[in-house]
Amino acid sequence: MPIEVIMPKVDMDMAKGKIVTWHVSEGDTVTKGEPLFDIETDKAAMEVEAADSGILHHAVPEGTDVPIGKPVAWLYAEGEEVGDPPAGLAPAEPDAPAVKDDPAPRADAPRPGATRREPDAGEKQRATPRARALARDGGVDIDAIAGTGPRGRVQAGDVAALLDRGPAQLGAATFRAETGPLSVTRSKGGTGTPVVMIHGFASDATSWAPLEAHLKHRPVIRIDLPGHGKSPKLKVASFAALLQEVRRTFDDLNLDQAHLIGHSLGGALALGIADTRARGIASLTLIAPAGLGPDIDGAALSGICRASRAESLGPWLRRLVADEDIITDSYVRLAMAGRSDPNLRAAQSAMADTLFPDGVQAVDLRAALDRLTPPARIIWGKRDAIIPWRHALRAPGRVALHLFDGIGHMPQIECAEEVGVLLRSQI
Amino acid sequence: MNAQTRTEMRELSYAEAIREAMDIALASDDRVILMGEDIGVYGGAFQVTGDLVEKYGTDRVMDTPISELGGAGVAVGAALTGLKPIFEFQFSDFAALAMEQIVNQAAKVRYMLGGSVSVPLVMRFPAGSGTGAAAQHSQSIEAWLGHVPGLKVVQPSTPEDVKGMLLAALEDPDPVMIFEHKILYKMKGHVPEGHYTTPIGKAAIRRAGKDLTIVATSLMVHKALAAAETLGPEGIDVEVIDLRTIRPMDRETVLASVRKTGRLICVYEGVKTLGVGAEISAMVAESDAFDFLDAPIVRLGGAECPIPYNPELEKAVVPQVPDILDAARNLAEGRI
Numbered sequence: 001m002p003i004e005v006i007m008p009k010v011d012m013d014m015a016k017g018k019i020v021t022w023h024v025s026e027g028d029t030v031t032k033g034e035p036l037f038d039i040e041t042d043k044a045a046m047e048v049e050a051a052d053s054g055i056l057h058h059a060v061p062e063g064t065d066v067p068i069g070k071p072v073a074w075l076y077a078e079g080e081e082v083g084d085p086p087a088g089l090a091p092a093e094p095d096a097p098a099v100k101d102d103p104a105p106r107a108d109a110p111r112p113g114a115t116r117r118e119p120d121a122g123e124k125q126r127a128t129p130r131a132r133a134l135a136r137d138g139g140v141d142i143d144a145i146a147g148t149g150p151r152g153r154v155q156a157g158d159v160a161a162l163l164d165r166g167p168a169q170l171g172a173a174t175f176r177a178e179t180g181p182l183s184v185t186r187s188k189g190g191t192g193t194p195v196v197m198i199h200g201f202a203s204d205a206t207s208w209a210p211l212e213a214h215l216k217h218r219p220v221i222r223i224d225l226p227g228h229g230k231s232p233k234l235k236v237a238s239f240a241a242l243l244q245e246v247r248r249t250f251d252d253l254n255l256d257q258a259h260l261i262g263h264s265l266g267g268a269l270a271l272g273i274a275d276t277r278a279r280g281i282a283s284l285t286l287i288a289p290a291g292l293g294p295d296i297d298g299a300a301l302s303g304i305c306r307a308s309r310a311e312s313l314g315p316w317l318r319r320l321v322a323d324e325d326i327i328t329d330s331y332v333r334l335a336m337a338g339r340s341d342p343n344l345r346a347a348q349s350a351m352a353d354t355l356f357p358d359g360v361q362a363v364d365l366r367a368a369l370d371r372l373t374p375p376a377r378i379i380w381g382k383r384d385a386i387i388p389w390r391h392a393l394r395a396p397g398r399v400a401l402h403l404f405d406g407i408g409h410m411p412q413i414e415c416a417e418e419v420g421v422l423l424r425s426q427i
Numbered sequence: 001m002n003a004q005t006r007t008e009m010r011e012l013s014y015a016e017a018i019r020e021a022m023d024i025a026l027a028s029d030d031r032v033i034l035m036g037e038d039i040g041v042y043g044g045a046f047q048v049t050g051d052l053v054e055k056y057g058t059d060r061v062m063d064t065p066i067s068e069l070g071g072a073g074v075a076v077g078a079a080l081t082g083l084k085p086i087f088e089f090q091f092s093d094f095a096a097l098a099m100e101q102i103v104n105q106a107a108k109v110r111y112m113l114g115g116s117v118s119v120p121l122v123m124r125f126p127a128g129s130g131t132g133a134a135a136q137h138s139q140s141i142e143a144w145l146g147h148v149p150g151l152k153v154v155q156p157s158t159p160e161d162v163k164g165m166l167l168a169a170l171e172d173p174d175p176v177m178i179f180e181h182k183i184l185y186k187m188k189g190h191v192p193e194g195h196y197t198t199p200i201g202k203a204a205i206r207r208a209g210k211d212l213t214i215v216a217t218s219l220m221v222h223k224a225l226a227a228a229e230t231l232g233p234e235g236i237d238v239e240v241i242d243l244r245t246i247r248p249m250d251r252e253t254v255l256a257s258v259r260k261t262g263r264l265i266c267v268y269e270g271v272k273t274l275g276v277g278a279e280i281s282a283m284v285a286e287s288d289a290f291d292f293l294d295a296p297i298v299r300l301g302g303a304e305c306p307i308p309y310n311p312e313l314e315k316a317v318v319p320q321v322p323d324i325l326d327a328a329r330n331l332a333e334g335r336i
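Protein chains in written order, with the UniProt record's numbering: chain A, 1 to 427; chain B, 1 to 336.
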């Protein structure tokens, strides 16, 4: 029997979703867990992974609206005869309005990417109280754990096994994914071409404050990355998916021109945006950007994600800067307060695992840097312990390099004054 | 062997331990009297009072007529007016005849008279099945009385405890109901000499373990311990709690154990439904220990029928060691 692939319910109010892109072509094989298709709802867009393996057939055309729970394709086994589409396939109505005779969304609509299950699909996850308590304390989403007890019940041992596997796997497997647009905040005042800022991994929009003090003449717009600051904890399948999300947010700002500033991971994203939106970029500033080489301090990334107390966060934060004294205990406590939500930490762990698997920068944007057309500069501290500043030397001649002695991974904070004055003269 | 060691090694049967407790009480406190049917010359239905009548005379070891209601009424009155009666039922089943005196008088009179009186009464109930005495002589009715505020209800499971709890009951200003399993009467065990008390309302951990908790009462404690010995080599480390008192129940000992093991089996001989195990289960479910449960709670109690006369059926209607083994294995191995 072929396996039904259905339109998943990815948010509470969703009645239908539009198939935007198929990642697998008709007749091709897909493996469980691989991206299968992208959907778009009124509120969000997301990639749906294959819940099973098989050969894809009878996929509804891209652009079709499909009510949740209805099939969008079928997965056949190797050698299985492919006949007419099985009954129940949604009609092919590209961009059609909602299917009229569709019943209201079922309360027990399946989870994203699930193949249709028996009617108990909407039941709460079976889990013992002890397992729930362990999961709660460990910041693990109980719904994402496969239970080994009777009827699939999650027991304490299942959670403990997951916790034992370490934070990266933990986060990747188990944070509670959310949907919705990224958080955008704006400064008051300023005129002319706005400055759009994209913060780095495990940071958030508020980290720009020291630099912003020097850029008050321009409107400043800050984007919080998924799973950071006030943004929803989206499931991020790849750097490309993250870039797509941030670029959509940037596009939604609807700016004719913008000065784009990105730090670290935000630098890689800013470069990615500039690569495809070159005409809209008045200038590009990359501060200790990711994406220009494989090296990165994976231990610091996972250490920051893992830290659940100021005592464990502090040492890693101090590695971000050259002069450790600027990371005071009260600063660490404040930073930890912003990271108190275990689900946020789990989401960031998952993201770190996706973007920096095994402590390596998986994305290579050097080609994008080479073909960059807007005016661009790279700012780096020569005592950066997270990403080697020498990655900057990859830049083509038309990109300005500003390398600061005695500064670590956070020039915008460690020498905000100098960086600010520098930017002020050009932005 | 010095005198000290000899004292520690001294063993008495459960019945002898009760008799020794009553002997100590009769000797040390003039207010203590024994009452009950055939407890004098006959020595009691289960020979617990033995020859105490010869030592203390019929004024203090008093045979009562064959009327549980009448005898219990006299005992309540004696307690209200300054004596400390120990009233023996021949079978706990006959408490049904005396319920008016136990439930409506002994338990309530302190409340109804604004605390101006108390009823320092001890009642002893030979209880439980296993003797082939059938439906009207084999019940475990402790939960009936456990449901009554104003009473204390204990189920000592060892000779040492029954002596200590009887002496503790005599020091208690309010009525204490002691349920003595008939199968235990011949059980021997270490019993300290002289006067001592075992606290009412305090459970005992008979065997420490980490994998699952069995809370048992009375004879079931011994069945649970036997099961635990079998389960140990199988890698299932059982903690056995002897509840000892069902009213007031020792909440903290039970909850602490469940927090540790995450799994709970309640084993009791009374009818399963609305029984002692229901109370233990609810107590855990209502507490913070709920968060530590890693499997459903299991109750092993008496079947939903009167105790049959046929010996095989009699065994089948109350929990036995194999039942406990099954439940423990199922729990520990994640089948339930």
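Because the hints were derived from the structure by calculation, they are not lab data.
Since we're looking at a predicted model, the values are computed, not measured.
Check the hints yourself; a few may be wrong.
What the hints assert, rightly or not - When the alpha-carbon atoms are kept at most 35 Å apart in a straight line, the in silico DSBU-like pairs for lysine-lysine are as follows:
id, chain 1, residue 1, chain 2, residue 2
1, A, Lys124, B, Lys260
2, A, Lys124, B, Lys272
3, B, Lys315, B, Lys272
4, A, Lys18, A, Lys216
5, B, Lys84, B, Lys272
6, A, Lys124, B, Lys210
7, B, Lys55, B, Lys188
8, B, Lys55, B, Lys210
9, B, Lys315, B, Lys260
Structure versus earlier hints - violations, ascending order
Per hint list: 4, 8 violated.
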